[in-house]
Amino acid sequence: MRNRSGNSGALAGDIMSGHPSPGPLLEPYAPLNVLKPVAPDVWIVDGPEITFAWIGLKLPFSTRMTVIRLDSGGLILHSPVEYSPGLRSALESLGPIRFLVAPNSLHYWCIPEWKAQMPSVPVLAVPGLAERAKRPVFVDQSLMDRQSPWPEEIDLLVVKGDMLTEAVFFHRASRTLILTDLIENFELKRIHSWLFRTLVRLSGAADPDGKAPIDMQLTFFRSGQALRKAVRQMIVWRPERIIIAHGRWYQKDGVKELRRAFRWV
6 MRNRSGNSGA
16 LAGDIMSGHP
26 SPGPLLEPYA
36 PLNVLKPVAP
46 DVWIVDGPEI
56 TFAWIGLKLP
66 FSTRMTVIRL
76 DSGGLILHSP
86 VEYSPGLRSA
96 LESLGPIRFL
106 VAPNSLHYWC
116 IPEWKAQMPS
126 VPVLAVPGLA
136 ERAKRPVFVD
146 QSLMDRQSPW
156 PEEIDLLVVK
166 GDMLTEAVFF
176 HRASRTLILT
186 DLIENFELKR
196 IHSWLFRTLV
206 RLSGAADPDG
216 KAPIDMQLTF
226 FRSGQALRKA
236 VRQMIVWRPE
246 RIIIAHGRWY
256 QKDGVKELRR
266 AFRWV
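In my numbering, the protein residues as written are 6 to 270.
The hints are simulated quantities; they were obtained by calculation from the structure and are not laboratory data. Take these hints with a grain of salt, some might be off.
Stated by the list, open to error - In silico lysine-lysine, DSSO-like type, Cα no more than 30 Å apart, as pairs:
hint	residue 1	residue 2
1	K194	K257
2	K194	K63
3	K165	K257
4	K120	K261
5	K120	K41
6	K234	K194
7	K257	K139
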């Protein structure tokens, strides 16, 4: 399946280029725009539903930001959700915002609003994002494979396919693995659109057996060996939990979920 921009996948499309939906097609992970503790120095923020166009259809996606507090006290905003003064204030009660991260070539849409409000905060993004983004995104630093900007606290892998490039983060202290689209795990009971529910089921991205949608899997055909190596490294890290951007994330059994979700590799 392909969207109008030519990127592969209805489920693997230009996710962050959507717009707020007039009515929720997905049951939200309420409360929205609220910090939710995950582990020491790790939080998530579930944001509003967005949609993107595909052959005249509007398909819904939930949004989720991960927040990491470094030993220095500064915050990393991973895949920021929609900007609001209230959310910024809540974040700054934890510590100063030091980094804005576009973790893959699809999740960047809200970065410009955050950057406009805090121009001195650097934007870190996967290689090539500025050139392929559907809106202007100024990138201060590219995320390079195994070259973590925070080597004492966070490990980094960059996984590259024909359609998707994604940075994988592992927060050592909390044993938290942070993915974006390499695993999607939509709960069918939360989907109000029968069409989207059908697409999710057929794509293989439905809970409890969520994984990369089948069309995204196909885009890793030429880079399968590199992806297998990356997955092995994720397993070696032995994460306790896995945060993902879309659907139910995994609060326990991280290694078991990795082996299940990446068995296609």
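Evaluation of the provided hints:
1. K194 <-> K257: holds, 21 Å
2. K194 <-> K63: Roughly 19 Å separates the two Cα atoms, so the pair holds.
3. K165 <-> K257: holds, 27 Å
4. K120 <-> K261: violated, 37 Å
5. K120 <-> K41: Between K120 and K41 the Cα gap is close to 23 Å, so the pair holds against 30 Å.
6. K234 <-> K194: violated, 34 Å
7. K257 <-> K139: violated, 36 Å
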